[in-house]
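Visitor: Each chain, written out:
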Amino acid sequence: MSARNLALFAAVAALYVLTGFMNSWNTSLSILNFALLATIAAMGVNMQWGYAGLFSVGTMGFTALGGLAVVLVSARPNVENWQAGGLGILLALVLGALSVAAAIVAWRLLPRGRVRSLSVAAILIGGFFLFRAIFDPNVAAVEAVNPQFAGNLGGLGLPSLVAWPVGGLLAAAVAWAIGKTALGLRSDYLAIATLGIAEIIVSVIKNEDWLARGVKNVTQLPRPWPVPLEVDLQQQPGFLAFVADWGWNPVAASTIVVKLLYAGLFILVLGAIIWAFERALNSPWGRMMRAIRDNEVAAAAMGKDVTRRHLQVFILGSAVIGFAGAMATSMEGALTPGSYQPLRFTFLIWVMVIVGGSGNNWGTVLGGLLVGWLYFAVEFLGPNIMGLVTAGLPDGALKAHLVGSAENIRLLTLGVILLLVLRFSPRGLIPEK
Amino acid sequence: MSEPFLIGEAMTGGYGAVDILHGCTIAVERGEIAVIVGPNGAGKSTAMKAVFGMLKLRAGHVRLDGEDITQLSPQARVAKGMAFVPQTHNIFTSMTVEENLEMGAFLRRDDIRTTMEQVYELFPILKTKRYQAAGELSGGQRQQVAVGRALMTQPKVLMLDEPTAGVSPIVMDELFDRIIEVARTGISILMVEQNARQALEIADKGYVLVQGANRFTDTGKALMADPEVRRSFLGG
Amino acid sequence: MDLLNALVAFLNFVFIPGLAYGAQLALGALGVTLIYGILRFSNFAHGDTMAFGTMVTILVTWALQGAGVTFGPLPTALLALPVGIAATAAFVLATDRVVYRFYRRQKASPTIVVIVSLGVMFVMNGIVRLIIGVNDQNFADGARFVISAQEFREATGLAEPLAIRTTQAVTVVTAVIVVALLFWFLQKTRTGKSMRAFSDNEDLALLSGINPDRVVAVTWLIAAALATIAGVLYGLDKSFKPFTYFQLLLPIFAAAIVGGLGSPLGAIAGGFVIAFSELLLTNAWKKIVTYALPESMAPDGLLQLMSTDYKFAVSFTILIIVLLFMPTGLFKGKSL
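Protein chains in written order, with the numbering used here: chain A, 1 to 433; chain B, 1 to 236; chain C, 1 to 336.
Derived by calculation from the structure, the hints in this document are not laboratory data. In this text the structure is predicted, and so the values were computed from the model without any measurement. Wrong hints could be hidden among the right ones.
Listed below are the simulated SDA-like cross-link pairs for lysine to any residue, each with C-alpha atoms no more than 20 Å apart in a straight line [what the hints assert, rightly or not]: (1) C/107 / A/53; (2) C/286 / A/130; (3) C/188 / B/3; (4) C/188 / B/98; (5) A/304 / A/184; (6) B/80 / B/186; (7) B/80 / B/139; (8) B/156 / B/114; (9) B/56 / C/107; (10) B/156 / B/73; (11) C/188 / B/110; (12) C/332 / A/186; (13) B/127 / B/139.
Bound conformation, chain A alone (with noise of 0.2 Å):
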């Protein structure tokens, strides 16, 4: 890595290290903990765009089907809930996915024509109807157990670990249905149906209550391994003697463990992600995936299918944004639908990759981390700032509308930094080699 590269690195470093000796060292490691999920979520991003050009604003819906399988494989089960209705539901869905496979059977099939089309026509129609039939009442009856805490069918108990890579293959077999569709369309075709699929997916996990509560929100997801509960943490006689020792407060240090440990472990798994990253990059498939960007119709003529490539590089950076999302929700120790918001889990990530480079890895992480902290920075500091900057004004209506709408500047700044970086400095800030 350059001297340049590593001042950057640095830079970027001195920002976090800052809020800690400015502010707090929690907020920073907050800070910081958000912009290694979004980095994480970013890399998934830069595969589909730097290394093959692919424009999916999507990223939303993935980071909220990791979010939805902490709950289904880490969430303790509601057994009441089961009972009363969960065999119904599974075999209403598999009778809609069966419905809709025969469907495609038959598209493919029967010979072009009317038959064809009304019977397919039947399927899907005959199909819904008999899925609505077996589904509502089932969802009825889930739901109407014990609303107030649960009301739905809750997950399988199992460690928030478990649940990462299972937020990964979610995310993935929606991607390949996805791709399987809108990938050799018109570029802007799959932007539209991305952004389409990612708003579906929040709104089914809004309002698909037996699945995870809707908006009523799933709580108390359990912490991922090594990860410990503060409350815990300060009741450790080796924990509160080695805070004695060094004169902590013993509450405010265990937040700072807590914190550290996600960091160490969020930072394992972006290491793990960019060494594998890089060694498929320099790859023979990392070369043909560039080739193929650069001038597709060439990359076709050499025999390249190129559908399948970037249906394959579609899915895999959907994957890693599914995982990112699930070891947010593991964070957060809940989901809580309503806040998926797209210039958040979607627009901010794309900026992320641009502004460091997309194509580079490298580049990615530091776009991640640097773009991460004026996001977030403004999310833990913003009225604070705003204060500051809003000081000479006198106090009154404009003023606390000012400080109020300090979120939306940093809209309006993530727009106009993003329109500088795409004007002045199009390869971002560590080029793709």
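Please arrange chains B and C on chain A, whose structure you already have, making use of the hints.
Guide: Only chains B and C this time, still in chain A's reference frame:
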């Protein structure tokens, strides 16, 4: 002899670093037909585009009626009285024939009805199809629309890039007849042609280009009679 | 069995709302399709352009209301609309000058320009939220109904009411006027024809002496007007919330693509296809079916095919079907 009405003199240039034209000269007199022929890749179309300003020249000049127009953009040359019919994509397919003609006259602020009637007289079929989308017409009719559109500016020079590409021999003869008619109204015609033999038959002046340079230049008749031209470029 | 009441219920719950919503989507999709046809990229900032224009209109409406100016039975916002259009036009023209023109000169790939439009979207979104906040704003005033439920019942003696809200009537009438003006402009005027020519064949348009900068500027002007009108009508009919306008991108793009990107006629057809599909699939048919069937066959459930929460899934599904089976849309796209 006085200078020709339009001349691209000793033109050298190309699209990138490599020159395609090497000191090539093309000229046409008032009301005459000049034809550029030559093998594939000889730079025929490039020479034409250079005269029209769609190509940056590294050396040489283009003069119209004695005025140096080398630095003018294609749009400015249209305003000076030059009209260009590209080889492909030379009509607005989604617009009607009449709208195509109107767009040809976009720069004019005076009454265009007389010119439009003249075009319809020249190409009567267009009048019957005036409200039809140009994209729905046959190949030969589309070429007529394309030429008609170019004539709407009342140009002094009409430049045609392979006007007969992809049309049947009968339609080709008909198109050449129309082009002669246009020339009789005093408009100079400069065209690139793949069908060298037929084109040279109607040409007052012929240019045989090879590798971006003039190989033979003479009247159409003389070139047709030249045994070497016949052997090398007209297939015997 | 009571077919008349069934028909009235259908008009009241499906047809009239669908007409208004379809008109709003059609106006939005027209803007998207114009930009696509002339500037050749999918403008992701269009939803936020709508929000921007609506915001300015709302602010002017408030000022007018504060000054005691109203528009009789019609919404005051209609008086404020020209100001909204002018402000939005100025904003997008400035954006074009500062942002898009650079990429046009460079002949950048459409995907890059789409990403640029994401940046513009961020900026507009931020400005709108900064000025007016993120919350719902209701700015409809004037008479609430053209025909109220009670009047209709009294006049016809039917059990089922038919209510036409002023905003619905205003939406449809405005949309008809705007679309008629737009088509007249594109078909009959010199500038309109030159826009169609530019969209059809850019190189030939340049050869014909059509000034590209002028065509682009006029396109932005019209797109700004369409976006503001669509946004204000939607806001009057429902309510104004910046995030909702961002979400409108999906049905609007679906409408434009279903109709065939670049085809104005297609955008209008697409708008109504999307709006009516959404309403037909998310409407609870119980009431209508109960009227239409003999009493003994009255249904128990709501007869709702899909919850309204999934209305985006409807536009999405139609979009996917069109992309798979007729990628150029109902009307062949690509030119005005």
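Visitor: Each hint: holds or not?
Guide: Tested hints:
Of the supplied pair hints, the one linking residue 107 of chain C and residue 53 of chain A holds, its CA atoms being roughly 18 Å apart against a limit of 20 Å. As the CA atoms of residue 286 of chain C and residue 130 of chain A are separated by approximately 19 Å, the hinted pair is consistent with the 20 Å bound. Note on residue 188 of chain C and residue 3 of chain B: the hinted pairing is violated, with a Cα-Cα distance of about 44 Å set against a maximum of 20 Å. For the given pair, residue 188 of chain C sits about 12 Å from residue 98 of chain B by alpha-carbon distance, which is consistent with the 20 Å threshold.
Using a Cα cut-off of 20 Å, the hinted pair residue 304 of chain A and residue 184 of chain A holds, with the two alpha carbons roughly 14 Å apart. For a cut-off of 20 Å, the pair hint linking residue 80 of chain B to residue 186 of chain B stands: about 16 Å separates their Cα positions. Proximity of residue 80 of chain B to residue 139 of chain B is assessed by CA-CA distance (about 30 Å); at most 20 Å being required, the pair is judged violated. With a CA separation close to 17 Å, the supplied pair residue 156 of chain B and residue 114 of chain B stays within the 20 Å bound.
Restraint check for residue 56 of chain B and residue 107 of chain C: satisfied, since their Cα atoms lie roughly 18 Å apart, inside the 20 Å limit. For the proposed pair residue 156 of chain B and residue 73 of chain B, the alpha carbon gap of about 17 Å is at most 20 Å, so the pair holds. Distance check on the hinted pair: residue 188 of chain C and residue 110 of chain B sit about 18 Å apart at the alpha-carbon level, within 20 Å; holds. A threshold of 20 Å between alpha carbons decides the hint, and for residue 332 of chain C with residue 186 of chain A the separation of about 15 Å falls inside it, so the pair holds.
Proposed proximity of residue 127 of chain B and residue 139 of chain B is supported: the alpha carbons are some 16 Å apart, at most 20 Å.
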